[in-house]
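If you want our numbering, it's the 1-based position in the sequence shown plus 1123.
In case anyone wonders, no lab produced these hints; they're calculated from the structure.
Just so you know, not all the hints are guaranteed correct.
With a cut-off of at most 20 Å between alpha-carbon atoms, the simulated DMTMM-like pairs for lysine to aspartate or glutamate come out as follows [as the list claims (entries may be wrong)]: (1) Lys1263 - Asp1142; (2) Lys1263 - Glu1233; (3) Lys1263 - Asp1146; (4) Lys1263 - Glu1252; (5) Lys1263 - Glu1152; (6) Lys1263 - Asp1134.
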Amino acid sequence: MSHLSLTERIDAPATVVFDLIADPSRSPEWQSLLVEMGSIAGRPGGVGSSFAGFYRIAGRRLSSRFVVTAAERPTLFQVNGTTTGGWARWTTVIAAYGSSCEIQVNLEYELPGEIIGPLFGMLTASRIEREFKRTYKNLKQVAETGSAGAHAFQADDEAAEPGAQLATT
1124 MSHLSLTERI
1134 DAPATVVFDL
1144 IADPSRSPEW
1154 QSLLVEMGSI
1164 AGRPGGVGSS
1174 FAGFYRIAGR
1184 RLSSRFVVTA
1194 AERPTLFQVN
1204 GTTTGGWARW
1214 TTVIAAYGSS
1224 CEIQVNLEYE
1234 LPGEIIGPLF
1244 GMLTASRIER
1254 EFKRTYKNLK
1264 QVAETGSAGA
1274 HAFQADDEAA
1284 EPGAQLATT
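Assemble the whole structure, with the sequences as input and the hints as a guide.
Written as structure tokens, this is what we have:
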């Protein structure tokens, strides 16, 4: 099992950030590894609602199905995901600070065995960390400006922004 975590300050209200995270139809605006959304069932942000997403990992298209397992607008959003041979638990806690907020994101995951070999050859652990960081940099920009901007999905080899924390285990 792998684990990624990140804390990020966002200059947008907690409700705006929650609504952006909880609406799967908006995921392509900020999730850097997501190449296509599939079916969406239920109310965005509602416990029990579900959605499918197609991700590009190690040069392969990975189909995943997510179910919302916890949601308390605007402070908590959690989904559990499955794919053939893998799984993920993605938890976001949002703390409001006036007209801004801070998110704490934890992603626990296990990739399917068939891509583990190529994963270490083609997409190193540091690359996965950069994609995770870039995803939340994109979220920050979309929440603050309403637009992903031209640079949103370009590779980001820069160090973390001041105040951003990233950890893997």
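Original post:
For which of the previously enumerated hints does the structure constitute a violation, in increasing order of number?
Top reply: 2
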